[in-house]
Amino acid sequence: NAGVTQTPKFQVLKTGQSMTLQCAQDMNHNSMYWYRQDPGMGLRLIYYSASEGTTDKGEVPNGYNVSRLNKREFSLRLESAAPSQTSVYFCASSVLGEAHYEQYFGPGTRLTVT
Amino acid sequence: AQTVTQSQPEMSVQEAETVTLSCTYDTSESDYYLFWYKQPPSRQMILVIRQEAYKQQNATENRFSVNFQKAAKSFSLKISDSQLGDAAMYFCAYRSVNAGGTSYGKLTFGQGTILTVHP
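Going down the list, the sequences are from chains R and X. In the numbering used here, each residue carries its 1-based index in the first sequence increased by 93. In the numbering used here, each residue carries its 1-based index in the second sequence increased by 15.
It should be emphasised that the hints constitute simulated quantities derived from the structure, not laboratory data. Do not take every clue at face value.
[As the list claims (entries may be wrong)] Label pairs and their in silico Cβ distance ranges:
(1) X:A31 x R:S177: 41 to 47 Å
(2) R:R137 x X:M26: 20 to 26 Å
(3) X:S45 x R:K102: 37 to 43 Å
(4) R:T108 x X:E44: 26 to 32 Å
(5) R:S144 x X:K70: 24 to 30 Å
(6) R:E145 x X:K70: 42 to 48 Å
(7) X:K93 x R:G96: 36 to 42 Å
(8) R:Y194 x X:A87: 23 to 29 Å
[Unchecked claim] Residues from chain R that keep clear of chain X, each with C-beta distances beyond 12 Å, as calculated:
(9) Q115
(10) N121
(11) A143
(12) D149
(13) R161
(14) S168
(15) R170
(16) L171
(17) S177
[Stated by the list, open to error] Residues of chain X placed beyond 12 Å of chain R at every Cβ, according to the derived structure:
(18) F50
(19) Q84
(20) L99
(21) H133
Just so you know, even glycine gets a beta-carbon here, dropped at the ideal spot from N, CA and C.
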């Protein structure tokens with residue numbers, strides 16, 4: 094049982110390049126989330142998927158797109174990377190409809206855009 | 016929209032002593048969950064403790080306990096008998112239970128407090 098996995102762990106991009114961050118969970122969770130973590134700002138929600146087949150914008154969605162490929166996988170795409178997207182990205186998952194259940198987080202992806 | 020504020024960017028404590036990390040939040044909802052997450056240098060987010068708003072009793076988990084003051088919208092974390100392994104960034108987080116609300120299921124985080132433990 095690997096929990097939540099993310100690839101890659103580190104990535105350096107040049108401005109304008111595109112990339113996809115991959116996330117998968119093996120806990121049979123319905124809901125999945127993408128956050129970014131910046132110094133002094135905590136974690137902020139980019140997009141989330143309450144259940145397979147649905148996605149919604151979070152607090153900071155601009156410059157990102159997501160795909161809920163199936164129940165296990167939720168990817169985050171940067172179409173044209175900008176230096177402002179330099180951050181640590183976390184994927185998380187949880188049980189749908191049960192607010193007391195914790196969100197389980199992946200190990201994060203450190204992205205640098207030059 | 017809910018907001019969570021951690022006013023202490025950094026805290027320090029001597030090993031075996033007690034430290035309290037502060038968190039305040041703003042919401043118009045009556046029922047919700049509050050969490051404390053720990054993030055060590057490995058970056059892994061680890062749940063420390065959770066509290067449901069309608070429960071008046073403060074949650075405890077071994078050396079970790081909270082002081083939940085609903086009227087004051089305050090949710091502090093007390094770490095007793097601090098250990099070197101407690102050194103980490105700590106995040107306070109809010110989660111709505113309102114299924115019809117736009118924030119349903121999502122966590123709103125505070126800015127984090129870096130805790131240093133001195134031997």
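We went through each hint and held it up to the structure:
1. X:A31 x R:S177: 41 to 47 Å: holds (43 Å)
2. R:R137 x X:M26: 20 to 26 Å: Check passed, 23 Å falls within 20 to 26 Å.
3. X:S45 x R:K102: 37 to 43 Å: holds (41 Å)
4. R:T108 x X:E44: 26 to 32 Å: Because 41 Å falls outside the window, the suggested range is violated.
5. R:S144 x X:K70: 24 to 30 Å: holds (28 Å)
6. R:E145 x X:K70: 42 to 48 Å: violated (32 Å)
7. X:K93 x R:G96: 36 to 42 Å: violated (28 Å)
8. R:Y194 x X:A87: 23 to 29 Å: holds (27 Å)
9. Q115: Fine: 17 Å to the nearest Cβ keeps Q115 (chain R) off the interface.
10. N121: holds (16 Å)
11. A143: Violated: least Cβ distance 6 Å, not greater than 12 Å.
12. D149: violated (8 Å)
13. R161: R161 (chain R) is indeed farther than 12 Å from all Cβ atoms of chain X, at 14 Å.
14. S168: holds (19 Å)
15. R170: Since the minimum Cβ distance to chain X is about 20 Å, R170 (chain R) lies beyond 12 Å and the statement holds.
16. L171: Given that every Cβ of chain X is farther than 12 Å from that of L171 (chain R), nearest at about 20 Å, it holds.
17. S177: S177 (chain R) is indeed farther than 12 Å from all Cβ atoms of chain X, at 18 Å.
18. F50: Since the minimum Cβ distance to chain R is about 7 Å, F50 (chain X) lies within 12 Å and the statement is violated.
19. Q84: Since the minimum Cβ distance to chain R is about 20 Å, Q84 (chain X) lies beyond 12 Å and the statement holds.
20. L99: Holds, because the least Cβ-Cβ distance between L99 (chain X) and chain R comes to about 22 Å, which exceeds 12 Å.
21. H133: Label holds. Min Cβ-Cβ 23 Å, cutoff 12 Å.
The structure is inconsistent with the numbered hints 4, 6, 7, 11, 12 and 18, although it conforms to all the rest.
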